[in-house]
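Protein chains: 2
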Amino acid sequence: MSLLVVGSVAFDSIRTPHGEAEGILGGSASFFSVAASWFGPVKVVAVVGDDFGDEHLEVFRLRSIETTGIERAPGRTFRWKGEYVGDMNDAKTLDVQLNVFQNFSPKVPESDTSTEFVFLGNIHPRLQLHVRRQLSKARLVALDSMNYWIEGSLDELKETLSEVDALVINEGEARMLSGCQNLLKAAKEIQKMGPKILVIKRGEHGVTLFNNGSVFSAPAFMLEEFKDPTGAGDTFAGGFMGHIARTGDLSESNLRRAVVYGSVMASFAVEEFGLKRLLGLTPQEIEGRVRDFAQLTRFDV
Amino acid sequence: MSLLVVGSVAFDSIRTPHGEAEGILGGSASFFSVAASWFGPVKVVAVVGDDFGDEHLEVFRLRSIETTGIERAPGRTFRWKGEYVGDMNDAKTLDVQLNVFQNFSPKVPESDTSTEFVFLGNIHPRLQLHVRRQLSKARLVALDSMNYWIEGSLDELKETLSEVDALVINEGEARMLSGCQNLLKAAKEIQKMGPKILVIKRGEHGVTLFNNGSVFSAPAFMLEEFKDPTGAGDTFAGGFMGHIARTGDLSESNLRRAVVYGSVMASFAVEEFGLKRLLGLTPQEIEGRVRDFAQLTRFDV
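Listed in order, the protein sequences are those of chains A and B. Everything in the first sequence is counted per our numbering, starting at 179 for the first residue and increasing by one. Everything in the second sequence is counted per our numbering, starting at 179 for the first residue and increasing by one.
Calculated directly from the structure, the hints in this document are not laboratory data. Computed from a prediction, not measured in an experiment: that's the story for all the values here. Where hints are given, some of them may not hold.
Pairs count within a copy or across copies, as identical chains cannot be separated in the list.
[Unchecked claim] Derived lysine-lysine pairs resembling DSSO-like cross-links, with alpha carbons at most 27 Å apart:
(1) K315 to K336
(2) K370 to K259
(3) K370 to K315
(4) K270 to K363
(5) K285 to K370
(6) K363 to K454
(7) K370 to K336
(8) K374 to K270
(9) K259 to K315
(10) K454 to K315
Work out the full structure: start from the sequences and follow the hints.
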């Protein structure tokens, strides 16, 4: 099966209570694609600048990620600088330089327009819709968004939502988008906007999946080492969509498995800064943690 | 099997975004015992004042709760007034009148000193220890505590902790007590203090059980109607200990079932103000929600 992501490729500078990193490879498309690459082929649509060297492209190639859709534009690559304090639940953005991202107009390579599974990373909803419409054969299009677009571009976001199958979003943003404090009610309101599948990310508290009247809650995997939450949400999405694309199975039970794979991938990502842990994984480690995850949640009644 | 709780019986005045209630029966021992009464016999050790009428005692008797240990003292019953706003995760205490609770010296009736399962509700750790030592035949003694005692009576709390088997505590309090932000590390530190079984309550995010090197996370049951969180933690403890006392089984798999029963009971409690929903339950409703709870968390890998 085929999987495509559109999103950001960035250089991140990050400080957490456990250390710091300067100008490391990040961005939603990077975390998503590296996570998804453990499940099968994945194609990236993104933009980078002159400062994006072969050594950076090599990171994608080493994971057999298709980079034809990574456009190179004059100028510098998107840069983000942020800090996490205390329990690291919220990032404090210290600096954003959009750079080449400012005029990004994502183009799906002609050879990829028949892709079946698509993740529209957190970019302007107008761009997401533009990409979505280039992918008329998609079986499942999932979308990420954020408070910035909910507050500033709600009409465009709603138009985009009406044309996608799934929304992957944070708990607070689900409440903001729906206007409902209660998550069950929030989910119903959001499903009315278009996406039949809703995945609410709750950070260290796990993930809840709403699909076809059914609700599934998975905890976050518990870790002793938790260094950097950057990219955890996109990594979750990469595991989630990667498993779905690998199986081509949109049944409720398989979506639940996809949530578990997404949660497991996110649990690896946060163990190190940036992509480091995700790049160094083995399939055995992933399956081992899936079994541990099952052990964390199992009970008989 | 036999189950005993020591804690508060109170009159609560509560305001939430969904309504208000004035002077209704509450307190840790009330919520605990009413929840536990659905699983088997339960005895209460507490103190009430002159204003505690037969109609209030009747609430316990209707659930066949043993009230011999409810001492009547001159003065007024403990009163608490609180408000919940927004997502109702935190209570704002508006007024506390300790009244007869101020000089409470809990006495376990002679006939109850051989009780096997004991819950020491959230009172001064010195009183908890005093009760604990009257119950030398207990197979499982569980304790609740709070930030107030962690900050103000840490030495006495630690002494009490060293003589109990289980601690049931909020997430923030577990971090405060252990000095560890990371919950896995926090759990290890707390287990070193005495309790081999640690249950961390995470409110709307569920419950995590640490026991004998194993970790079990259960989500909170999702509700459309959520009126009043008062007593949810004690209700959880009532279902948890009620199931353990009913079965007499301290195996890991049964402790996990107990967490599910506790979570289910708490999910009922918050649907109405005070004890109303817990008093009007049926065994069929409880078992039905346990099945729904299993459905909320099930996946196959």
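Hints versus structure:
Proximity of K315 and K336 under a CA criterion of 27 Å is satisfied intra-copy only: 21 Å inside one chain copy versus 63 Å between copies. In this assembly of identical chains, the alpha carbons of K370 and K259 never lie at most 27 Å apart, being 36 Å within a copy and 40 Å across copies at closest. Taking the shortest alpha-carbon separations for K370 and K315, only the intra-copy value of 23 Å comes in at or below 27 Å, while the best inter-copy value is 58 Å. In this assembly of identical chains, the alpha carbons of K270 and K363 lie at most 27 Å apart only when taken from different copies (25 Å versus 29 Å within one copy).
When the C-alpha separation of K285 and K370 is checked against a cutoff of 27 Å, the pair qualifies neither within a copy, at 29 Å, nor between copies, at 58 Å. For the homomeric pair K363 and K454, the shortest alpha-carbon distance between copies (24 Å) is at most 27 Å, but the shortest distance inside one copy (38 Å) is not. In the homo-oligomer, the alpha carbons of K370 and K336 lie at most 27 Å apart inside one protomer (10 Å), although the nearest pairing across protomers, at 52 Å, exceeds that limit. Taking the shortest alpha-carbon separations for K374 and K270, neither the intra-copy value of 32 Å nor the inter-copy value of 38 Å comes in at or below 27 Å.
When the C-alpha separation of K259 and K315 is checked against a cutoff of 27 Å, the pair qualifies neither within a copy, at 37 Å, nor between copies, at 59 Å. Taking identical chains as interchangeable, the C-alpha atoms of K454 and K315 are never at most 27 Å apart, the minima being 34 Å within one chain and 54 Å between chains.
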